[in-house]
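**Q** Here's the letter readout for the chains.
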Amino acid sequence: MSQSATANGPARPSLVGRIGRTLLNFWGIALILVLWEALVVLNDFNVIVMPRPWAVFADIWANPGLYLQNFMQTAWVAMGGLVLGMIAGTTIAVLAWSSRILNGLLTPIGLIFSSIPVVAMIPVLARMLGYGTETVLAIVAILSFFPFFVFTGSGLKLLPAGSADLFSVFGAKKHQRLFHLALPSALPNWTVALRLASANAILGAMVAEFLMGTSGLGQMLHAASQAFNTERALGASVCATIGSVTLFVLVVSLEARVRERWT
Amino acid sequence: MTDRTAAPAIDFRGVTKSFRLPDGKTLTALTDTSLSVGKGEFVALLGPSGCGKSTLLRLVAGLEAPSSGAVAVEGRAPEELVKAHRLGIAFQEHALLPWLTVRQNIELPFRIAGRPVMRERVQGLINLVGLAGFEAARPKQLSGGMRQRVAIARSLVLEPEILLLDEPFGALDAVTRRQMNVELQRIWSESRISTLLVTHAVEEALFLADRVIVLSGRPGKVVRTLEVPFARPRHPDVMRTAQFHQLVDELTETLHPTDGAGH
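If you're matching them up, the sequences are chains A and B in order.
Residue numbers for the first sequence follow this note's numbering, so the first one is 89 and each next one is one higher.
Residue numbers for the second sequence follow this note's numbering, so the first one is 26 and each next one is one higher.
Treat each hint with caution, since some may be false.
[Said to hold, decoys possible] Stretch-level coverage of chain B by chain A, calculated; a stretch enters the list once three of its residues show a Cβ under 8 Å from a Cβ in chain A:
#: 1; region: 106-119
#: 2; region: 131-138
[Unchecked claim] Below are the EDC-like pairs computed for lysine to aspartate or glutamate, each with C-alpha atoms no more than 20 Å apart in a straight line:
#: 3; chain 1: B; residue 1: K64; chain 2: B; residue 2: E228
#: 4; chain 1: B; residue 1: K108; chain 2: A; residue 2: D253
#: 5; chain 1: A; residue 1: K261; chain 2: B; residue 2: E105
#: 6; chain 1: B; residue 1: K64; chain 2: B; residue 2: E99
#: 7; chain 1: B; residue 1: K108; chain 2: B; residue 2: E89
#: 8; chain 1: B; residue 1: K165; chain 2: A; residue 2: E348
#: 9; chain 1: A; residue 1: K262; chain 2: B; residue 2: E184
#: 10; chain 1: B; residue 1: K165; chain 2: A; residue 2: E343
#: 11; chain 1: A; residue 1: K261; chain 2: B; residue 2: E278
Hints were generated in silico from the structure; no laboratory data involved.
Predicted model only: the values in this text are computed from it and were never measured.
By construction, the Cβ of each residue, glycine as well, lies at the ideal position given by its N, Cα and C atoms.
Between the sequences and the hints, there should be enough to build the whole structure, so can you do that?
**A** Okay, here's the thing in structure tokens:
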């Protein structure tokens, strides 16, 4: 049935056509860039107050190695922290699911831990782990932990109607219930957690880098704004935005794919 | 095939089941109910909604424990049959797992029982329920009737000793429901498993069962037992005979006594 639909349906747009359409969706961003350029030129703003967008891109173009190195550093730490938070959040949600006693212990701790503003944790963590990459990694992991813990926890209970009784009558053991029923049921919620956590991962990494001033885009932003190098500061922001948007788009398409199959 | 001299497949002795409600009151679903299902017998439990007929079935499935009295399945406690994966069940909510294909859903009981999947048995059942060609489809791509066929195939796949059907066609439209009854009659005739069907449809009970047991409204209690006189295999035309219509009227009167109210 789906085959005939594809055969009779409209032809898929060519690659060029699709890229064109995607760019068209971002015309708002192009408009902002044009307005920004016009604002700076018409008001004759000082470069320190507000550089022209063109100058920001020129700075990136002139220093590709510097930008790439800092971008990779931040991206690596953000991804690493995301994965650590994912593993911790998912594991603890599964442990809380598996026993009422563990649930009573872990859920309040998880909630309290997640309510502490991450900025307040930076000085403490930095004392413990040192003013380095480990602390940035820990900050991102802590930020990512909460959505995975909460959404996986609730997803493990979102079972298809009647399936819990079905598994009981089939004589399923606890681990079979987990792997055949609860975990697959939780997957749509888990991808929501992934989307929320990845939107914050690069932000979290940059805040930590900014406050500790060690390495990566956050440190670059901090150093550049201290030196009134506004073009570079904005350049760092542009790189972070590109990273965040790319990650977000990838995760959203994964989420859509899961949703398509699961519902 | 019906042999009521041997130990019955299902035996209810003076079973009472009450539930404690959140507001502290007690709801009695069944009072002092005794009934039995012989080996290879198809028994339909007929009753108004809320008469405890589903509770009765859940007691057989080991999903509930009786407040007093005893439930024996094949002379043993229901839990023992559950552990041995000897019960087949199908609910009104088909309880198919949306992320699995038709074939994988039917194979699920093998995986839960920890047995190797018998591919020929699975394919045989897919053919028997008329779903050949839909093996790779997902539940959401199927109609309501087709989903129930999958659920019935799944309930039969481990060749259970007891088949429990809880309003399996309750959510279907009248035409599909009648068609599914004809199909189930054919499928059941191939295996002749001891079966307990819970329904509130009089025609369904009469067409499918060897014996119809009518329960009264809350609290549930056996008010009538009827031996169905139609020989097997039953042709759908049996539903058009005068005798069938007369029995439908009788049972409907038992279910909802008009008490000379004038309608």
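**Q** Under the constraints set out in the numbered hints, which ones does this structure not fulfil?
**A** Failing hints, ascending: 3, 9, 11.
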